[in-house]
Amino acid sequence: MFFKRPQQDSPGAKGGADVSSVAARPQPLLATELRRVVDPAKLGFKTTDELDPITGLIGQERALKAIQFGTSIKSHDFNIFVLGPPASGKTTAVRSHLHPKAATSPTPPDWAYVYNFDNPNVPKALQLPPGRARTLAKGMLASLDELRVVLPAVFEGEDYQVRRRAIDEQFRSGQDGAFETLNAKAQAQNIALLRTPTGFTMAPMHEGKVVKPEVFAALPEGMRKDIEVKIEGLQKELQAILERVPKADKSRRAQLSELNEEVAKHAVREALDDLAAAFADVNEAIDFLEAAGRDLIRNVGLFLASAEDDNAIVKQPLDVARDARFRRYQVNVMVSSDNGPNSGAPVIEELNPTYGNVIGRVEHLAQMGTLITDFLLIKPGALHRANGGYLLLDARKLLLSPFAWESLKRCIKAREVRIEQPTEVSGLISTQSLSPEPIPLDVRVVLFGDRELYYLLAAHDPDFLRLFKVQADFDDTISRSGENDQAYARLIASIVKQHSLKPVDAAGVARLMDEGSRLADDREKLSIEIGRIADIVREADYWSDQAKRKVTSKQDMARAIEEQTQRADRLRDRAQEVIKRGVVLVDTEGVQVGQVNGLSVQQLGSFSFGRPSRITARTRLGSGRVTDIEREAKLGGPLHTKGVMILWGFLAGRYALDMPLALAATLVFEQSYGGVDGDSASSAELYALLSALAEVPIRQSLAVTGSVNQWGEVQAIGGVNEKIEGFFDVCRARGLSDKHGVLIPRSNVQHLMLREDVVEAVRHGQFSVYPVASIDEGLEILTGVKSGERGDDGRYPAGTLNRLVEDKLRSFAERSRNFSKAGVGAAEDGKAPT
Amino acid sequence: MIAHVASSGEDSGRVVLQLGSRTPSVVALDAAIRIAQAFQSEIESVFVENQQLLDCTSFGFVREVSLTGRWLKTVSREEMASGLRFAANNARRQVEKLARQADVPLRCRVVRDDPLRAISVACAETGPWNVVVLAEPLLPGDGVFLKQLMLEIEGATGLGVVGPKAERCSGPAIIVVEDTAELPGMLMTAERVAALDSGAIVLLLMATREDQLAQMEGEARLVVGGREDVRIATAEIDRGEAGVMAETLRRLRGGFVIGAYGGLLVPEDGDLRPLLAALECPLFLVR
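Residue numbers (this note's numbering), protein chains in the order written: chain A, 300 to 1133; chain B, 3 to 289.
Everything labelled a hint here was simulated from the structure, so no lab data went into it. Errors might be hidden in some of the hints.
No farther apart than 25 Å at their CA atoms in a straight line, the calculated lysine to aspartate or glutamate pairs in the DMTMM-like style are these [stated by the list, open to error]: (1) B:K167 / A:E513; (2) B:K167 / A:D886; (3) A:K796 / A:E349; (4) A:K549 / B:E169; (5) B:K75 / A:E527; (6) A:K529 / B:D144; (7) B:K167 / B:D144; (8) B:K167 / A:E649; (9) B:K167 / A:D475; (10) B:K75 / A:E513; (11) A:K508 / B:E80; (12) B:K75 / A:E520; (13) A:K484 / B:D116; (14) B:K167 / A:E468; (15) A:K484 / B:D271; (16) B:K75 / A:D525; (17) A:K508 / B:E81; (18) A:K364 / A:E557; (19) A:K511 / B:D271; (20) A:K511 / B:D116; (21) A:K511 / B:E81; (22) B:K75 / A:E479.
Simulated coverage check for chain B against chain A, where a stretch passes if three residues somewhere in it have a Cβ under 8 Å from a Cβ of chain A [what the hints assert, rightly or not]: (23) 79-89; (24) 179-187; (25) 222-229.
Bear in mind that the values here come from a model prediction, so they are computed numbers and not experimental data. Quick reminder that beta carbons are idealized off the backbone N, C-alpha and C, glycines included.
So here's chain A without its partners, still in its complex pose (with noise of 0.2 Å):
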């Protein structure tokens, strides 16, 4: 058979065979198999309150023996990936398998950060038994409040005053037994001893009075001699005794300063005795305690000086606690196991992972314009609050703050925690701050995060792979099965229980089971994205309210589902509008030569749904290359880039094997503006291209999706209930008929979960569903012509739809071959043959 395009240059002018003429076609698939649905009455029960919930997740095996593993290994290097679909339990799974293991591990110890008296820039890590490191620090401050009270009490005291006195009296009647002893012999000498602003001077006397000048210079030349002579002696022993004065303050200091410590010491020690009888098996703490009491000893002034407030007006009790002076003396609790010395190991859920948060930080107080700090500002982490235990953090956040990944990553390399400035980690900023002593640590790090978050690190951190070598898959589906659709229904049954929802009945979850298959993109999987499944429950108690029923049924189900979609199909909406209005054109009906239906699927956040495409191919002598125009426009992605290279495959394979092949076509999806990728459309740009080099039209009725490879062979895609439905809503919007329907690969006939319009519009004869496993079956069902195989002379039968397209390539070769000897150059794709 024959056919002829009547108009060569009119792909849209319509074809001349009568396509449904032939027989012999793959037959279409029942409604039955379109959409595999649960019998509520074989779950064995009427509403999910007959079920037990189930603990923990189903399907994950794997997941949780990798997490088994790697929460009981004991080395450093060991932590987890936990990998995943977003929702799908991942962090619940972990944290219920962690908090038992905890609970019953070793309790770590507590640390506290204490001022350092030898340097204080370095402030000292203290470790203590679990629990007792507030004990230790409300210890010190009730000391110093004791101390406050008892050392200015000792120090007012009768028997300290008393030695004091003494020591200023020896000091003083020294002082002023020597300058009164010679301002008595100046006065017995007739010499005045006069105070100047800056010092003494000495001038002769007469009656208490200094002499006149006048009166001075009119004495006798010897008295005058005498006097002068008097004078300078006495000067000189003035001198004498005022340089004598400093020498003896500071032996005057320096009893006082021994009178104080004598003093202080003995309240000092009264004070620490009972905290240091608590803490007599902790060394450290002991240190501390003496090295504290000494610096008591040394600094009892700043106690004294509180004594003062004492004459306030208005007095108030004084919170050492709040007392800059007594800071260095307090205890910084960075990590106390308050619930205990068998509270079990932390497990610690860090929901914004900064530097700050997860390695701690120094904080600052703005004081008179300047920033300060001491050790007491010494914040911790999620590292110090997990060391012992475990830590789950969220990777992408982790790796989206400045300084956490690769600080947490020295961290578990050194295995210790060391906060250090963020200016100082960089590199950027030197300036003297806090540098705390280091806390060695000992954690299980759980990261959360996607699969491509997972290879990327893995590809590009080569630090990743030897901190986290425990990798926890979590899968996004589980098989059908009767244990598996049992297992489901608990589920849905725990997920009820948690949100304190309305029992499901068995219609509702057979409904929801067949949405987790729908959403798992395989009737013979059961998505187990919990938050997407708990979402859809939760509604439908929502819906249930509304309509007042007491249980969750089906209804409520179906209404949840729909009313989601609805919130999400704007732009589906849209896409159908334009192409029922005409304004994007694909044709429902006729045949059209080198034009088919493709379909694509647009994915908008969790919604996605298809649309028909209108795909069209021209030929001509050439040679020999098929142009993508999508490829040329730099609109198609490598994927599909790869499709129409096989196309050139499949065309040289079959049909070229002795001659060349020179032809030149032009592929292209119309009223295509946005990127096209995915080779799901190969096998329609495939019949297109068939179609127009046999020049035998194509029915419009039909749409197609499926790759093809050079064979031939038509493979599955994804997304094959979006596109049937797609095309589905585009020929029910223009009005169903017999003739309407989809060619799918046949290897995606078991991913099938249509919506229940689709599969009634079939089981009603207004729809087809095509399944196809070679592009000869999809070009007889497109076509109505038969493919035809190649017989004993190895050819095909004529009037085959291959016979015509080999016809057409060897006319191409004659051509081209009669231009090579009448000397014109063969005809260059787009260019005129010189």
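Go by the hints and put chain B onto chain A.
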């Protein structure tokens, strides 16, 4: 006996604050301010440039020995005058600041004279209700000077002084009573001074004999009546036991000590040393 200071605007007296070349005592300045506040009076600070110091500079052989004893040098008249001027300015700024804070009217002047005569002249100019406050701490050897002040200066009802150990003005007002006839007047003075602080008053009855003390206590209780703000303490002191008296005062931790000149507390010819060694607050001597 009554200590009185003329109120501001009365034009019959004020607090005469005598400043000199020595660094003024902060407690003495505070005492002057408090007395002025207590009597709603004004302060006239008189910085005395001691004429004798200037005269000293005329002797070529006279040297100035520094406070530390590290240097010894001749000082010209100009240098001495300049040093005194700086000291006067410094003292003036200090007093002005305190007066401004306390909202007390202040007049300042600098005179070049003998210290005793300078005060005498100042008190004579406006009187008779002046109180003289010495800004420079009293030294053990200043007994003669104190006597001259108390006996020779007219136009002053009292004298405020501090010792080298002065450290506070706050605390109860302690009246040292040696003659109960003087008690009512001293009590009025103490009430005014104590009103600026806690309001507490302690009557320290002082006598050389026990029977004297007992009689004084009875009389004092009659004067005081049932007042809760007045406490009575006694001290039996033999003449010459100045150390015991000083220690008693110290223990009472007073903010002001009010007493009479010429008795057990401050004998006319006695040794000031024990009192000055224990005196931690200003001493307000009334005539």
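Taking each numbered hint in turn, which are not upheld by the structure, reported in ascending numerical order? 1, 2, 8, 18, 19, 24 and 25
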